[in-house]
Each structure stands twice: as C-alpha cells, then as structure tokens.
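There are 2 protein chains.
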Amino acid sequence: MKKILIVEDDENIQNLLEMYLRKAGFEVIKACNGAEALNKFESEKPHLIVLDLMLPLVDGIEVAKEIRKNSNVPIIMLTAKVEEYDRIKGLETGADDYVTKPFSPKELVLRIQNLIKRTYPDEKIIKFKDLEIHPGEMRVYQSGKEIPLTVKEFKILFALAQKPGTVFSRENIMDAIYTEYDDVVFDRTIDVYIKNIRKKLGDNPKSPKYIESVYGAGYRLKK
Amino acid sequence: MKKILIVEDDENIQNLLEMYLRKAGFEVIKACNGAEALNKFESEKPHLIVLDLMLPLVDGIEVAKEIRKNSNVPIIMLTAKVEEYDRIKGLETGADDYVTKPFSPKELVLRIQNLIKRTYPDEKIIKFKDLEIHPGEMRVYQSGKEIPLTVKEFKILFALAQKPGTVFSRENIMDAIYTEYDDVVFDRTIDVYIKNIRKKLGDNPKSPKYIESVYGAGYRLKK
DNA sequence: CAAAATTATGAATAAATTTTGAATGTAGAG
DNA sequence: CTCTACATTCAAAATTTATTCATAATTTTG
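Those protein sequences? They're chains R and C, same order as listed. Just so you know, the first sequence maps onto residues 1 to 223 in the working numbering. Just so you know, the second sequence maps onto residues 1 to 223 in the working numbering.
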C-alpha cells in the first residue's frame, strides 16, 4: 500500500484530496507548510508527494529542490493558475508532473496512479519450483507453459505462494478468496478447489510436489 | 510525423509556410477558406492548425469555434495587425497561441514545435500483432488498413494495449474511458464495447486473437 | 486393528459471468 | 425536424465457474 504526502495549506483541498486518495487505496499523510513537509518526508518516507506551489513561508519549488537533494520520490506540483504554470514550465523545479487548479480530483488520482505505477514497477512475479505466478496477468506458468486457472484457483495458489511451507487453514484461504464478508461458504469447498488446482498442475496428494494437505489444519506449499 | 493544417488565403504565405514546415519535418495540408478548413480538419485529422484570422467568407474565429466543438487540437492564430490582436486578445477564441503578421517564419515554426511538444508529450505508436495504434490520430490500423473505431472503443483498446497480457477489470477500463467522477456507467456497458471492438477487428471470443475474456476478472490482450 | 475423523474425488446442481441482438437515449449534422 | 452515429441499457442465451453432495480413500487415535 502506497503512502502519499499532501502538502497544501488550504484545508478544504487537503481533506478533499485525502478522501479521494483513501478511497483509491492510498495511505495519506498531510502537511500544511514547507517545514512540516520536509519533516514528514523524512519521518514517513512517502512514496509520492503532492505539493502545492504556493505555500506560506517557503515556496513549493524550494521544498521540491530540498527534497530532490536526497531523493527521487515522485512529486506532483499543484499550481493555482495557468499563468503560474507558464511561469514555471521551463524551470527545473524537480516536479514530475503538474496539475493546474481548479483540478478534477479524479484526474489527480489518475495521475498519481500513473506515476506510482511508473515509479514502482509492478507486482512481483513469484517463482516457486517450476511455477511462475504473475499477479498482473492472473496467470500461472509451469515450466514456461501456461496453466489456465480460474480466478479463485489462482487466488488460492497465489495466497499459498506468499509463504511456502506455512500452513493455511481453510478459513485463511477463504479470507484470501472472498472480499465480502457475507459470502459464507462451506468448508469443504476449498478441498474441491485444491483438487482442481492439483489436477491442473499434475499434482498428486499422496506424494505432492506442490500442495501438501496437513491433516486437521489445512494446506501448504511443500518447500 | 505530425500533420499541420495551414488555413490561409494568401498563396504566398501559404507556400512560404509550407516550405518552412516541411523543412522542419512536418507534413503540410492547406486550405484557403473556412469551409475547406473544416473539411480537411475532418478528413485529415491534423495535429495542429495554423489559422489566419482574416479569411474570405467565414471569419477565422468562427472556424476555431467550430473546430473546438469536437476537438482540442492546438490552434495558432495568425493576425494581420497589432490592432487586430488587441481586438481579439481578450476573447475566448479557442486559439492556443497568436502570431502577428508580419511574422518571422522561424518564430512560427518554433512556436509550432513548442505547442506540439506540449500537446503530444510522448506519443508513441503502439504495435500489437498486426495492429498499429496511433494515439495522436486516434486511429487503429490492422495490417495497414484503418479500422474505424469510435472514441470510446479506441480508448479501451488503447488502454488494454498499454500492457498486453495484463488483466484489466471493468473498473480499470472505465477509469481509462471516463475522466469525470460523476460519470458512472453500468458495468456491462464495457462488455458491449468489447463486443463491438471484436466485431470490427474480426475477433472471436471463443478463440480470440486479440481480446481475451477473463472470467470473473475482466479483459486482457492476448500476448 | 478398528473406529473416528479428515481428506479426495467424480458427478450433479446452482450460481455467476459473458455474449449478443435489439431497444432506447442523445447529440450533432444536414 | 429528421437522420445518423454513437452511447447506453436491457434481457435472453450461451458459457463457465462455484458449490454441494455422496462416497471412497486416507490418516489419526486409542
């Protein structure tokens, strides 16, 4: 989960942004002037900074420069007017992107997401024995050959692969599969998923290569 | 290579500009009145328009307004005199920049290059199998032949093509299509777009060449 | 070893998702 | 205003997946 630092003295904008960003799944930290921004930057180490150009006391550009001395954290600059944008557009301000007020929160969120995605390249491919698990593609490859899994099957294998060797109870596994609470499913359903995954991977419960049954406890990947 | 539409009734200026622009690596289209300008704009989809304010029959401002109804293509307005510039400078004319006659062709070329750079930051043609996706022109070519897509269809295909192989949820896709937050659309609308894109590309959901359905998750381009 | 508990599995059924053709809504062009 | 293109919704059909169930197999325990 990515941390965003909002540096903005207008409390309304601050709160608006916070709301949208939280909704988009980000953790939010706030600062309302340059000094505070630098402090929070040091202590919280955010993954991205949204920085108002016009700040009390210290200019946003100065803040950006200061941060750039130690870090390449992506910075999105908020500018109040188009003229301001024109003023700075030629400058080396250290910002990675600009958004002009008034802005659409949705657009800002999109830009943030893009920049985050660009800066912190993707989810990691998990390798386990001859398996490759690609979360983005929702695909599993076995010795390079794709094994088509359903979404639930994929999620289970993915969950188990987070910690090979660790036992996952059926309840653990259900938590990984179901996003909603109300979806109560019979315990043994998991067994069927496991059976199907094993079948597709050519695995055998008696002498498993991948998925071990742990009697009375659950399942785990065999290390 | 960027296409510039010159709308100018003075043939000397037309030719002068054409020469300079070609030399600077642009493709040049010409029109000598408003009606022709609008036609060429439709058919040629230029990346930038140089528009004379004084035109026979229809005023340049009217042409600009007309174009602005459908497009944000950058427009540079040519004005004959400083007084004229004063007359229009406060108006919302839809122009992005103004150049006063007599002008130095070099300066105009510079301004065009700037505006192009600002408008089309790093436009890259995406190639995917036998498809070519041109973001600037909003066009898709299949084995060199243009496949006419609507704006939304184009945006979806473009979004998917950013990361072939990666699954895009319907929500992801909607984010790519809709810029405003309030524009909430029924989930299944995406399915219909996909259907239409497939139809136009001659793709088949059962054994897709391009767009794969991922049951329970979304869509992705088949790598 | 036998009883009890747990897991494995094939098959049946239920549920969910996708595909599609058609209907409806909407805005712009002529 | 009508015509057209596009966006959107709707609903039925086709497809795929999720879940349950019954029974067999296996493991644990005493």
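Treat the hints as calculated values from the structure; they're not laboratory data. Watch out, some of these pointers could steer you wrong.
It does not matter which identical chain is used: a pair holds within one copy or between any two.
[Stated by the list, open to error] Within a straight-line C-alpha distance of at most 25 Å, the following computed DSS-like cross-link-like pairs (lysine-lysine) qualify: (1) Lys-200 / Lys-223; (2) Lys-223 / Lys-2; (3) Lys-155 / Lys-40; (4) Lys-3 / Lys-222; (5) Lys-223 / Lys-209; (6) Lys-195 / Lys-129; (7) Lys-117 / Lys-195; (8) Lys-117 / Lys-223; (9) Lys-129 / Lys-152; (10) Lys-40 / Lys-163; (11) Lys-152 / Lys-30; (12) Lys-209 / Lys-40; (13) Lys-222 / Lys-117; (14) Lys-222 / Lys-45; (15) Lys-2 / Lys-145; (16) Lys-69 / Lys-101; (17) Lys-222 / Lys-101; (18) Lys-206 / Lys-69; (19) Lys-30 / Lys-206; (20) Lys-199 / Lys-3.
Here is what the structure says about each hint:
no. : hint              : result
1   : Lys-200 / Lys-223 : both (19 Å within a copy, 21 Å between copies)
2   : Lys-223 / Lys-2   : neither (30 Å within a copy, 29 Å between copies)
3   : Lys-155 / Lys-40  : within (24 Å within a copy, 38 Å between copies)
4   : Lys-3 / Lys-222   : neither (32 Å within a copy, 33 Å between copies)
5   : Lys-223 / Lys-209 : within (9 Å within a copy, 29 Å between copies)
6   : Lys-195 / Lys-129 : within (19 Å within a copy, 37 Å between copies)
7   : Lys-117 / Lys-195 : neither (35 Å within a copy, 29 Å between copies)
8   : Lys-117 / Lys-223 : between (32 Å within a copy, 21 Å between copies)
9   : Lys-129 / Lys-152 : within (21 Å within a copy, 30 Å between copies)
10  : Lys-40 / Lys-163  : neither (33 Å within a copy, 34 Å between copies)
11  : Lys-152 / Lys-30  : neither (30 Å within a copy, 36 Å between copies)
12  : Lys-209 / Lys-40  : neither (35 Å within a copy, 50 Å between copies)
13  : Lys-222 / Lys-117 : between (33 Å within a copy, 21 Å between copies)
14  : Lys-222 / Lys-45  : neither (30 Å within a copy, 38 Å between copies)
15  : Lys-2 / Lys-145   : within (19 Å within a copy, 42 Å between copies)
16  : Lys-69 / Lys-101  : between (27 Å within a copy, 23 Å between copies)
17  : Lys-222 / Lys-101 : neither (54 Å within a copy, 40 Å between copies)
18  : Lys-206 / Lys-69  : neither (40 Å within a copy, 54 Å between copies)
19  : Lys-30 / Lys-206  : neither (47 Å within a copy, 50 Å between copies)
20  : Lys-199 / Lys-3   : neither (30 Å within a copy, 42 Å between copies)
Of the numbered hints listed earlier, those contradicted by the structure are 2, 4, 7, 10, 11, 12, 14, 17, 18, 19 and 20.
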